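Asks: Sequence:
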Amino acid sequence: MAHILPALEHGHAPITLQQYFRDSLEAFEDWQIGDPEPALSVGLETIPISEIFGALRGCTDVVPANVVGGVTEQLSKPWQGEGPLDEMTFSTAARVMSVLVRKRQLGDGRLASMVEGYSPTPWHAH
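Positions 1 to 126 (the numbering used here) are the ones given, in order, by the sequence shown.
If you are wondering where the hints come from, they were derived from the structure by calculation, not from laboratory data.
Bear in mind the structure is a predicted one, so any value in this text is a computation, not a measurement.
Treat the hints with care, since some could be wrong.
Simulated restraints, written as ranges between beta carbons of each label pair [claimed, not checked]: (1) P14 - G107: 20 to 28 Å; (2) H12 - Q32: 33 to 41 Å; (3) K77 - I4: 19 to 27 Å; (4) K77 - P6: 26 to 34 Å; (5) K77 - L44: 19 to 27 Å; (6) E87 - H10: 12 to 20 Å; (7) I4 - S76: 18 to 26 Å; (8) N66 - P6: 31 to 39 Å; (9) G43 - P78: 32 to 40 Å; (10) W31 - R95: 15 to 23 Å.
Here a beta-carbon is modelled for each residue, glycine too, at the ideal position from N, C-alpha and C.
Whole structure, please, built from the sequences with the hints as guidance.
Replies: Below, the structure is given as structure tokens:
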């Protein structure tokens, strides 16, 4: 389905793709544990937010500061950019959000089921 998303032009994202990123970030923030991955309506298609984040992995555009805040709020450790202004590219933001989506998909439910199914074997002393 990623083919219906606007393509990057020499590493630059059309404003519509940047807006889809913002909308995906908001959908991630509203995503409740246990719910399926959020998706956005793009034209007549419904696209999971992971695909939208994936479409921006090669984007070199700088993320606006207000959007950077939305990304960094999701992190468990503080983020520090390489430049003096702590700029973040859409590529970096998309990669961070892709990892967080995957973590949300796997982490909570999978961990709980592993813990519930765990039965320790008794130690054998010799």
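Asks: Decide, hint by hint, whether the structure agrees.
Replies: Okay, the hints, checked on the actual structure:
no., hint, in the structure
1, P14 - G107: 20 to 28 Å, "violated, 33 Å"
2, H12 - Q32: 33 to 41 Å, "holds, 34 Å"
3, K77 - I4: 19 to 27 Å, "violated, 35 Å"
4, K77 - P6: 26 to 34 Å, "holds, 32 Å"
5, K77 - L44: 19 to 27 Å, "violated, 40 Å"
6, E87 - H10: 12 to 20 Å, "holds, 19 Å"
7, I4 - S76: 18 to 26 Å, "violated, 34 Å"
8, N66 - P6: 31 to 39 Å, "violated, 22 Å"
9, G43 - P78: 32 to 40 Å, "holds, 38 Å"
10, W31 - R95: 15 to 23 Å, "holds, 18 Å"
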